[in-house]
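Participant: Construct all of the structure, not just a fragment, from the sequences and the given hints.
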Amino acid sequence: MAARAVTRALPTIRPATRIAALVTTVAGIGFAALAVSLSTGEFGPLHTLLVLVGLIVLSEAKSDLYFDGRLSISFMGVVIAAIALGPAAAAITATTVAVTGYTMHARDFKKFIFNVGQHNIAALAASAVVISTPVADHLDSPLVALAAGAGTSVILYAVAATAVSLAIALSSNQRPFAVFRELFQWMFPHYAALGAMAGGISLVYANVGTIAILLLVAPLALSWYSIRQVVEKTRNTLERLEESNSQLRSANAANSAILEAIPDVMYQLDPRGVIVEANAPGAAPPPLLRGIHFADGFPAAVARRIRSEIATAHRTGFVRLLEYQDEGADGRPQHFEARIVPVKGGDSLLMVRDISDRKNAEQARQLAEEFRRTATSSAPVILFAVGAQGTIELVEGQALERLPGAAGAIGRPAWDLFDNAGEIRTAMNAARSSREPVTTNGEAGGRIFELHISRTGGESSRGLIGVAVDVTERRRVQEAMVETQKLESLGVLAGGIAHDFNNLLVGILGNADLALTELDEHSAARATVQDISLAGRRAADLARQMLAYAGKGRLEVQQLDFGKLVAETSGLLRSTVHKGVTIEIDAPENESFVEADATQLRQVVMNLVVNGSDAIGSNGGRVRVSLRNEKVSAAAITGAYAAPDLKPGEFIALRVTDSGCGMDTETMARIFDPFFTTKFTGHGLGLAAVLGIIRSHHGAIRVESEPGRGTTFTVLLPALKLQSRPRDIASEKPGEWKGKGTILVVDDDQTVRKLTRKAVSLFGFDVIEAVDGVDGVERYAEHAADIRAVIIDMTMPRLSGDEALARIREIRPDAKVILMSGYASEEASERIGASPDAFIQKPFTLDVLKDTIRDVLDGPEARAAA
43 MAARAVTRAL PTIRPATRIA ALVTTVAGIG FAALAVSLST GEFGPLHTLL
93 VLVGLIVLSE AKSDLYFDGR LSISFMGVVI AAIALGPAAA AITATTVAVT
143 GYTMHARDFK KFIFNVGQHN IAALAASAVV ISTPVADHLD SPLVALAAGA
193 GTSVILYAVA ATAVSLAIAL SSNQRPFAVF RELFQWMFPH YAALGAMAGG
243 ISLVYANVGT IAILLLVAPL ALSWYSIRQV VEKTRNTLER LEESNSQLRS
293 ANAANSAILE AIPDVMYQLD PRGVIVEANA PGAAPPPLLR GIHFADGFPA
343 AVARRIRSEI ATAHRTGFVR LLEYQDEGAD GRPQHFEARI VPVKGGDSLL
393 MVRDISDRKN AEQARQLAEE FRRTATSSAP VILFAVGAQG TIELVEGQAL
443 ERLPGAAGAI GRPAWDLFDN AGEIRTAMNA ARSSREPVTT NGEAGGRIFE
493 LHISRTGGES SRGLIGVAVD VTERRRVQEA MVETQKLESL GVLAGGIAHD
543 FNNLLVGILG NADLALTELD EHSAARATVQ DISLAGRRAA DLARQMLAYA
593 GKGRLEVQQL DFGKLVAETS GLLRSTVHKG VTIEIDAPEN ESFVEADATQ
643 LRQVVMNLVV NGSDAIGSNG GRVRVSLRNE KVSAAAITGA YAAPDLKPGE
693 FIALRVTDSG CGMDTETMAR IFDPFFTTKF TGHGLGLAAV LGIIRSHHGA
743 IRVESEPGRG TTFTVLLPAL KLQSRPRDIA SEKPGEWKGK GTILVVDDDQ
793 TVRKLTRKAV SLFGFDVIEA VDGVDGVERY AEHAADIRAV IIDMTMPRLS
843 GDEALARIRE IRPDAKVILM SGYASEEASE RIGASPDAFI QKPFTLDVLK
893 DTIRDVLDGP EARAAA
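Everything in the sequence shown is counted per my numbering, starting at 43 for the first residue and increasing by one.
In short, the hints are calculated from the structure, not lab data.
Subject to a maximum C-alpha distance of 27 Å in a straight line, what follows is the list of computed DSSO-like cross-link-like pairs (lysine-lysine): (1) Lys689 to Lys673; (2) Lys800 to Lys780; (3) Lys780 to Lys858; (4) Lys858 to Lys800; (5) Lys673 to Lys606; (6) Lys796 to Lys780; (7) Lys796 to Lys858; (8) Lys621 to Lys606; (9) Lys782 to Lys800; (10) Lys782 to Lys858; (11) Lys782 to Lys796.
Given the structure is predicted, the values throughout are model-derived calculations rather than measurements.
Facilitator: Have a look at this one:
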């Protein structure tokens, strides 16, 4: 260490320069020593010097490493040479020590230069002391010889140690004495003892000669070899101990780092439960915890459980676990796990871990599992998991029985469960490469499933999870809603057309009736006018069918025996159907009662039978008509064309079944469209009017058909429970009647207004006309005292009929008002706030107009009495 520290600052020397400097130095020192020896006459026998040099080389070659230097007896030769042979021999032996050390061990030229210098300085200093004192003359005394050897050796030691300490201190900025104490103080006894031995050898040499040196050095060498063995073993032991200590320190450091990184609180407890050692992150430092009983840090109940588990752990020799709850720093309950490990000697290791996050995660998983189980058991859904190969790994759900084959589907390809397997497989492949869920529809067993498929795991995952929702009923409801909206839209259109059409028919029918009253019985024009009236009435029937389809037809509702009505219509039915078509009727009387309009109900039966006859054609077949009382479920209503908000319950079911050609799905979807027909001879509204009538009677109609297998129409009407039998429908013939007074006619249509004025005048009344609602109110205000009744149209510009009615009633609350409209009375009632005294649906005949005016003015009883 000393040599390395001193020579750090020396420049690096090339090998050739090293050799030249080495030879020059050795030669220079040798010549210098020889010159000194010749000048003083002190050199000694050459063979003795050679023996010393040989022993020095041998001892230096066998020297042993000790700490950062070498422990050697080679300096004994320098001491002997300095005492017995003089300065030249001392210089030569000192140089030999340096050269041998450089050659055998150091091979550091800078260190060699330093060592040669300090060795020669020390050797010459020791020799100078010997020369300056009469030591050599008194070597025959053992004490003098020993003292001379020890002193010379100490001088060598002092000079060398001082030189090296100064050099190290200067290069490392340390105090020289501190360097000496650390590196060289321990060598003093070594140099003193071996120096005394060298003095003894010099005494023997003076009396015996060179051979004595060899005889005495041999035992010393053997002794030194033994010492070296002890030193070697000691050093090896120390090195092993140092290595073990280093490994132990590393292990302790690693264990400390691990303990500090572990979030668990750890206590080492003695048999009494007192803390011996602790590692408590976030708690008090370990020194403050030592000596405290562990129970002081736990709730009493928890401490008792831990104490019991400690006893069990030591009794069984196994680790014990327990979980407990305690309040955290924020006051909320936290979950902990205590682990007790028995240790030999009665100690215990108590480890406490905060498992709140794990418990919360477990609770969250349990909640999610319960939620999933509840969802799958209460909703019509199926959960499934699909592996990388597309096979089902998990399937469960309340709707499993709705998907054929799902219960035993584990291990099967997922798409095999559906009729549209290709579409499902394509959707699953798309889901594997998409970050978003893929939605598709699957069909199986006549049911429809909406599938939502998502990829599981990361980008490389090919597994899938999904949910299949049975949307069959929802689709049916949606289709029914779409159909209802379509029918409502068509109904609005049909109702609007019928309203305007009826206004036109008022003029046609009314003027035809007026013309007939004015023509002579034998007039040639009478037949023509009658044809006009007949065509107008047929047009009025078509308008009524349009209103019936729109659900806005006029209903004359009464209690009816449906079976009797069918029986009364049977003759007309048989005369209407194609030849070769047989009608079978199974409609018992006095069993099926409904509240309905008889005329419209006859039209329903008639249209359905005629439709069946047309489907059969001239090839021959049968149409069967049956009536039954049935309890209808919500599912049956859902699959039918039904009135809004129709509830399940008791219904009269009219079934009309034909053996005709049947219909495909596309045709069935359009059969209730106005004027739709599959026959070249089809005409009118047909089934569209049937649907409107049924819905206006708060019923439903269902169609079942397949191509080549005929068609069945099922009409459902709410059943009526009667306390007594309904009365028969009586036809009444009005008698002749004439009125008097003034009637106000209000209508924006000139044709209708003109016809109504003529008709009312024919009935014996004076007439005041008004062109709209505003004009009508003004005319009524002027002639209120004279006007007996007001006939007013419902739809007019500037002021509508209901607004005009309200203002007229403000002028005279008991004013008699008859409302006219192309809509039915029910539709008109929904449109107006006030109630008129009577309602006339356009188009109307003169008799209907006359009877309505008479009933308003005189009352229905007067007309019945007449």
